[in-house]
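Asker: Residues per chain are reported as follows:
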Amino acid sequence: MHEHGAALAQLLLEGNQDEAWEYINEYRKKGKDSLYIYEHIITAGMGHIGSLWETNKISVADEHLATSTCDFLLARYQMEKKKEQNPSNSKKAMFLCVESEQHYLGIKMASQLFSEAGWTTRFHGPNLPLEYAKKTAVDWQPDVICLSFSILYHAEHLNPYIAELEKLPNRPIVMIGGRLLSHYEFSRYGSKKTIFMKNLEDVRDWIKRHPPGVKSSVSY
Amino acid sequence: MTITRRNEIIDEVTQGIYQDFPVLLEKFGERGVEKCREDNGHHLKHLETALFLGNPQSFIDYAHWLDGILTSRGMATEHLVDNFCRLQNAFTKHERANAPKYNEILESAIHSLKKGNDS
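Taken in order, these protein sequences are the chains called A and B.
In terms of full-length UniProt numbering, the numbers along the first sequence are unbroken and rise by one, the last being 220.
In terms of full-length UniProt numbering, the numbers along the second sequence are unbroken and rise by one, the last being 119.
Any given hint could be a false lead.
Stated by the list, open to error - Facing chain B, a subset of chain A residues (Cβ under 10 Å, in silico):
(1) 55
(2) 57
(3) 180
(4) 185
What the hints assert, rightly or not - What follows is a set of in silico ranges between Cβ atoms, one per label pair, in the way DEER data are often shown:
(5) 7(B) / 6(A): 37 to 45 Å
(6) 64(A) / 2(B): 29 to 37 Å
(7) 198(A) / 29(B): 38 to 46 Å
(8) 3(B) / 192(A): 25 to 33 Å
(9) 213(A) / 35(B): 49 to 57 Å
(10) 97(B) / 14(A): 52 to 60 Å
(11) 79(B) / 122(A): 43 to 51 Å
(12) 114(B) / 6(A): 29 to 37 Å
(13) 179(A) / 100(B): 28 to 36 Å
(14) 171(A) / 52(B): 20 to 28 Å
(15) 100(A) / 75(B): 20 to 28 Å
As the list claims (entries may be wrong) - Here are some, though not all, of the chain B residues that point toward chain A, as calculated from beta-carbon distances under 10 Å:
(16) 45
(17) 49
(18) 52
(19) 55
(20) 59
(21) 62
(22) 72
The set of hints was computed from the structure by calculation and includes no laboratory data.
Where is the CB? At the ideal position from N, CA and C, for every residue including glycine.
Let's have the full structure, built from the sequences with the hints guiding it.
Answerer: Written as structure tokens, this is what we have:
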């Protein structure tokens, strides 16, 4: 994992979209699945970028370039995966970062795992205030709404988001994810129905237990 | 904590730091003062979350993470420890009801930072 982290990080810091793509494509062609590529290569790479910034070895501008290159990488990976899939006509999942939260790559990977499994997904990116999240959820009626945060005190947003979204007419499942969930317990911000995901493996396992199928009136 | 109370604490700590270390204003200007206020805002938000979670370790982890960032940029652990001590005094003065709980967490973080610095 560490060798992947440093190697991919270097390519991301160079803004080298083509070589970054070739790096992960090699593993895709060798048969590594999306969970492996997301966790052990891409997350490792961005984790290494984070460490470099924390230790003042790269600047904010460098980190932004790496993030945008990684964003492209994820989009290209999903485009390749979609060629292998049948079009989905199934349950819907919505993905967003809570208000003020800018770190979106993790939840983007989660949305792509859902999409790969046949869900119809919408990815809303960073910093979506509750009023807009609620309005779009009322209109689109997702079966699942996934929220992400990466800074500890952004957890203060969880309770209002969870409370408002869980009581929407179609009663979506609300899932919470982010790197801090593998370190601390946030269940007191949610209800008994709220699902807290510690990592992408948890997301993958949940998806396996809940295939999207065709929409029905039966709830979870 | 109300916004008013939070600002009182941030004001007191920032003014105290600049009163005791006037060279900071020469060195970092008004932007430095803004950064000091922002940083203390972050400290308070992390403290509130740690208290709500019932998990002081989350604040200690934040303190070490921040210390790594600051020391890699030329600051000393003592600066962060000093800031936390000033927060303790400000809590005692402005947030008496919850001061013991916040100060206990700050004390744990101060102790951990000092221990990390000694090793």
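Asker: Range hint 37 to 45 Å: satisfied by the CB atoms of residue 7(B) and residue 6(A)?
Answerer: With a Cβ separation near 43 Å, residue 7(B) and residue 6(A) satisfy 37 to 45 Å, so the hint holds.
Asker: Can residue 185(A) be said to touch chain B, with a Cβ gap under 10 Å?
Answerer: 7 Å, holds
Asker: Report holds or violated for the interface hint on residue 45(B), using the least CB-CB distance to chain A and a cut-off of 10 Å.
Answerer: 4 Å, holds
Asker: Against chain A, run the beta carbon of residue 52(B) and see if the smallest gap drops under 10 Å.
Answerer: It holds, given that the least Cβ distance between residue 52(B) and chain A is near 8 Å, below 10 Å.
Asker: 38 to 46 Å was suggested as the range; check whether the CB atoms of residue 198(A) and residue 29(B) agree with it.
Answerer: 43 Å, holds
Asker: Have a go at the residue 72(B) hint: is there a Cβ in chain A nearer than 10 Å to its own Cβ?
Answerer: Check passed: Cβ of residue 72(B) comes within 4 Å of chain A, closer than 10 Å.
Asker: Identify whether the interface hint at residue 62(B) stands, where standing means a beta carbon of chain A within less than 10 Å of its own.
Answerer: Since chain A brings a Cβ to about 6 Å from residue 62(B), closer than 10 Å, the hint holds.
Asker: Confirm or reject the claim that residue 79(B) and residue 122(A) have a C-beta distance inside 43 to 51 Å.
Answerer: 45 Å Cβ-Cβ, so the 43 to 51 Å window holds.
Asker: Does residue 49(B) pass the interface check with chain A, least Cβ-Cβ distance below 10 Å?
Answerer: 5 Å, holds
Asker: Is the hinted range of 20 to 28 Å satisfied by the C-beta distance from residue 171(A) to residue 52(B)?
Answerer: 27 Å, holds
Asker: Between the beta carbons of residue 100(A) and residue 75(B), is the distance compatible with 20 to 28 Å?
Answerer: Given range 20 to 28 Å: holds, Cβ gap about 25 Å.
Asker: Using the Cβ atoms, figure out if residue 3(B) sits within 25 to 33 Å of residue 192(A).
Answerer: 32 Å, holds
Violation of the numbered hints given earlier is absent; every hint is satisfied by the structure.
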